[in-house]
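Student: Both chains are given apart, each in its own frame, so use the hints to dock them into the complex.
Below are the chains, spelled out letter by letter.
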Amino acid sequence: MLRIGVDVGGTNTDAALLRGAEVLATVKTATTADVTGGVGAAIRSVLASAGEAAGDVAGVMIGTTHFLNAAVEGRHLERVGVLRLCGSSSRSLPPMIDWPDHLRALVDGGAALVDGGVNYDGSEIAPLDADAIRAACADWTARGISSIAICSVFALVDATMENDAAAIVAETMPGAAISLSHRVGRTGLLPRENATILNASLRRLGVETVGAFRSAIAELNLNCPLYLTQNDGTLMSADFAERYPVFTMASGPTNSMRGAAFLTGLSDAAVIDIGGTTTDIGMLVAGFPRTRSEGASIGGVLTNFRVPDVFSYGLGGGSIVRNEEELTIGPDSVGFHLPQKALCFGGDTLTATDIAVASGLAEMGDKSKLAHITPELVARGLAQMKSSIEAVLDRMKPSADPIPAILVGGGSVLVDGLLEGTSSSLKPDHFGSANAIGAAIAQISGEVDSVVSLEGITRAQALESVVAEATARAVEAGAAPATITLVEVEETPLAYLPGNAIRIAAKVIGDLQA
Amino acid sequence: MTYWTLTEADLDRIALGCGILGTGGGGSTYHGLLRAKALLREGKRIRMVRPADMEPDARILGIGGIGAPTVGIEKIAEGGEGVRLLKAVEQHLGRKVDALLGDEVGGGNGIAPMLTAAMVDLPVVDADGMGRAFPEVQMTSFFIHGQDVKPAALADSDGNVLIVTEATSPKMLEKLLRAGTIAMGCSALMTTAPMTGDFVRRFGIPHTTSQAWTLGDAVINARAAKADPVEAIMAASGGIRLMRGKVTDIGRQVMAGFNRGTLTVAGLDHDQGRTVTVDIQNEYLIAFEGEQALTMVPDLICIVDSETGRAIGTEELRYGLRIDILSIPAPVLLRSEIALASVGPRAFGYDLDFIPTGISADAPPVAHYDIAS
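Protein sequences appear in the order of chains A and B.
Note that the UniProt record's numbering numbers the first sequence so that position 154 is 154, with each residue one more than the last.
Note that the UniProt record's numbering numbers the second sequence so that position 19 is 19, with each residue one more than the last.
So here's chain B without its partners, still in its complex pose (with noise of 0.2 Å):
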């Protein structure tokens, strides 16, 4: 087996390519890279596998975090809630899991599942469920794609565990599971059902942490280089610019637990008189110009730094920030009929049919695991 072992230069890409990944979502990185990194530092490892190298019947574990952002960084986790989250998975099913991977690359949660692989020394699967970040547990590849609901389990730092041994749809799943992050004090570690190495390599969506990789080190270098790192970021990601300009209103609401709003933003340079909205549910949803939708839902909306290429989440926007708003087209297993009905404009609520903006196709491995033994 070929393994991608990660350097700390590795996952400083990682986590830019996260976050440029996070459509706005997803959480923050910083944790979890400062937590990945100490345990480098411990002598621990964090190795990467392709999807295609796990055996067929392979045990993987989804592993992320759950909950409010504002929570998290105050009460920070404990550090072996993944570790707990495997025991009691393992225990119930009564076989060892082989292997690890993250639902959402989006975000902090791209990182997550590599924090508990390098305390047990398990492998990370180079692939998600979404490509990017959503709101909520059931919307993956996986579940889209016949992913048992059960078992799937919460864990907190205080030293909860609570399993969930039946739910009666994906979506009841997700209402149990924030309903127990509520009672564990609002953030938690939490883990879906078991898949094989066969069901991951058909529904997993392949290489996301390699591309992740691949754009953290676009910006990286480019900014090395004092080269433009959005180019960079469009090059190495297959997207396009729907659009340079300032952010000139940002409206918000908060409904439900959901942070809703619109941003408007003015073009500059070449898009000079243009105007774009954006509409936001936790993530970038929906980029229109006038009544036109230029990229829907479940194709990436990533917004970033005009001049850095850093990602901006969607609490950090503000009036006057120069923005570049990227399209990049989602994963071809997120733009199938089935799936669109769980991931496409209709599940958020707008009544339009899905069109897509550029052409799928799936990121490649990064070299580095032909050169690793």
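Looking at chain A on its own, in the form it has when it is part of the complex (with noise of 0.2 Å):
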């Protein structure tokens, strides 16, 4: 069965062919701005250099960062309203209180707080007032809004307030969008609230984009479902990402670094992409890359949500390299120009490709234009490149224990040699295109983060449900039941309190249904 993986960045569009494990091709083209034509593009070269026909994809993975960046610049944003069930609580900081003024004056439609909501242990905080939430949604109506956001104090122990409150508005507000926080953020109202709000803001976004991606496999003859890949590295259905494009955000450095991993084979390594201007590392943990323990701020806006943990520094093949009063590489760099200003290349700066071309690590322009560097020179600026690689390396390792390391980009040539800490470098081919065959190998993952009163329960009573409720979130999204595996766990007491709550998050990964 064939796959195909696409990766629509800011300037190139990936694609990549998989037969099962073989990479039958991979095309790199220039992003365009009509997201149908571009997609369109890559995938037909992509089929046409593997000699393959549409008629036997059976998939195509789109891994886009085209809502990151509308979220970023603030460009075809919608107005939600917010509803926010809380009873009295939380009412101290209203919904977007620490957004950017600038986002706040493109988004913000107004907000509800009504009565609702529940305590830790499930214990609700007052009784859902239906009421308040129709003369909301008649005001949101008024004014031309039709994306809600609905997000309830304490969702993720109970969503039945959540879900009861979407009926109201579905009944009130015909053909709203709404978007509800318990399928979109973790624990702690504020930033799971604004990623919801975030989400609701995409909503329109979400169906013209999806629909140009449709349109695209459309045209092309493809008929087989199409997916997105989402912040952990898994898919969701086309249909699904409609409503949750917010899930989208962090899917570009994830591929990159679950493509490493496939192509590879290895499940725990350091991945260091070493681009013309930054290196980014990360850490592979099971096949997937850890993610950090803060949640990400998207446009200024602080949301709970998991991305990978990748430390981004300056130095690439283009770090522009100074021999003054000490050696110094980077941090900035001649970027695209790096044809036109490397001395190699004829030019007159001093770059760390250059050092590369110097000692014979790397092939390319003229070397006899480097005879006046001094071997002292060129030991010096690559002990450095590598020791700084290493320092962050050291950093982000998981545990003092050497791990294997994953060199991809163009300007892995800069490092030669085995880095401190790491047991073997690895610089597999097609590296250029691990972000679509990231996006085309990708599974289908369910996810939970509550807090669970044990007043009842067993521990492992508690953790039976989440990681149900977690599986059915998989299949839901279209894993084949039988293959979900238990993939993290991860339980936190209650600090302060010798009281019997507890926090649990599950999460299952599953392969695609065929």
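No wet-lab data here; the hints were simulated from the structure.
Take the hints with a grain of salt, since some may be wrong.
[To be verified] Distance windows between CB atoms, simulated:
{"hint": "1", "chain 1": "B", "residue 1": "R241", "chain 2": "A", "residue 2": "D429", "range": "42 to 50 Å"}
{"hint": "2", "chain 1": "B", "residue 1": "T264", "chain 2": "A", "residue 2": "V489", "range": "19 to 27 Å"}
{"hint": "3", "chain 1": "B", "residue 1": "Q272", "chain 2": "A", "residue 2": "Y313", "range": "19 to 27 Å"}
For clarity, every value in this text was computed on a predicted model and none was experimentally measured.
Using N, Cα and C, we set each Cβ at its ideal position, and we do this for glycine too.
Tutor: Shown next, in the form of structure tokens:
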């Protein structure tokens, strides 16, 4: 069965064609303003280069930064009505209080704080106030607002109120787009509500963009399901992505790291992606990127999304080398002007690439133009680049034990030999399209983060019910039930209280339903 | 009376400093800072007053949050909890309260009294009972020196108010308040018994909001000047660096609601080859090098990010973090024989006599008091 992975970036659109675990072809094309055209061209090109027919494709998986860019740049966002179910609690910090002013001005469609919500133990804070919800709906309708974010206190303990409120909104505002916080975020009211509002503001764009992807594959006569990749490197169906576009936000680096894992067969390793300007270093744990412990800030809005823990700094093939009082490499770079600016290409700037060429690690340009660079400078330059990577690596590693390193990106020629703290260094084929490959191989996940009271149930029972909910979500998203496995469980007792409440986060992953 | 009227820039500095004085605990300052700034934008004011400027018979009420931070970030405060506490206590006493203060300057509780004060336009006394963060209600210089247990009170966001009219000991009061907090959904605002101006002047740890401001200001200025924020913290606090290093291990266990564990840090730069471990019970308690204790409670062990100077809480620790372990002398009041019985190493279950690190010196008030009207 053939799978096509596509990564739609700001500059390039990559496509990869895989049969099972075999990469048949990868292509890189320029991203176009017209999404349908660019994606269509990339898919057509990758099929053609492998000589495969559209009819044999079983799935198209697309990773895109489109929604992230929209949120960061404040484009194509729609106004959102915010419904918070909280009773009297939380009124000291109303919705969007920590948003940057310019984004709030674009998105804020008015908030209603109404009776509802539950406590950590599931008991009601106040019964749901249906009349107040209907009144808020009437107000939003009158002002032309049709995307509603609903967020209940402790929705992750009990989501019933959010679901009931959604039913009332749907009935009062036919056709409204409704985003529910318990499907979007984790424990922490403000960041979860923020993520839900961001999602709601992207709903119209979600329908348009996913629609454009659909028409691109329809025009190519690809009669197969369409998926989008999400923050954790797993897939969501196109229908789900239309409703939850916010889950695509951090899929870019995730897809690259997943691709690197696939290309090397390693599940626990450091991924070092050296480009022209920056080096991005992340950790693969059990085949997935390790995530940051704190939530992601998107366009200045604090969310509690789990995003890959990637350390990025200014070292790349185009990094400018200065040998003054002390030797410095970067953080500034000649960037995409490397073919004109670097000494080895006849330019006037000493770059990291020149050091690599002078040392013999890379062959490009004209080495004779580098005759004046002393072996001593070359040796110091290489050692300095290596030790800067080693320092970051050491900071990122899960423990002091040596781990394998996967080097990807055009700048990986800057590194020679084993890095300190690593057991091996791998530079796989197709590394330039690791992101599209990561999209093509993605699986399906289900995730739940909840605070559970152990009143009347055992810890094992609580865990079981959280895992069952995560599994139900994976199946809903398209996973084959028989393939689902539990990949992550996190239990945190609540500090400063001798009570018996516990926070449980669980995540399951399964293969795509054939 | 001279007041220091806080600006948003002051609040940023105070929040940073309260984080550092939190010694790893005390909860986040994020919500409090957002709320305090919102109140200023509504036209409310937050006025600080030096303890020496309080009338001897003034009534001062200590206010702070109690409960699980995990609950507090989800069921956020309603906003009027402090006002309800104040009213309940005033009614019980039959007289007005003249000023508020925080029992605990460390973490989010360093900002908590300002929120209520802004709403009712009462001044906040620039003093507290810990000079840092501690896990239990009775661990204040106030209770150590005989603060009355009654009346103490709790209020929650739903409108419940609980007044404790008698307790057999401060430790029993802690138990009662903790139980009440659980009934209120594991997050509440609390007050201990009102104190007189004279009592606070004698037994309050002076100018700890000023100290937090000074620490935060040092960090912000160092960052702006691209200087070392950790050096700035040491210069501003009279503290020393125990070690610069990298987190290599965190052993964690939660027992009876307390986050216990041991942090292991391997030395870097000048400290290459050294290993320091720090025992944790919600806060950083004792730093050891081998068998030898370098700094022990109640002296402050503050862990900050080596690059930014930002305080690292016990829940944020993970392998690879580059940190500086700082030791700041405890306030004078916490080092006395009688104080050590409540907040010294033995109070936390260690068979160790307290050995001080550095010389205690109470923080001076910020210069703003003299400039202000």
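Student: Does each hint hold? Answer for all of them.
Tutor: Results for each hint:
1. R241(B) / D429(A): 42 to 50 Å: Holds, at about 48 Å.
2. T264(B) / V489(A): 19 to 27 Å: holds (25 Å)
3. Q272(B) / Y313(A): 19 to 27 Å: holds (23 Å)
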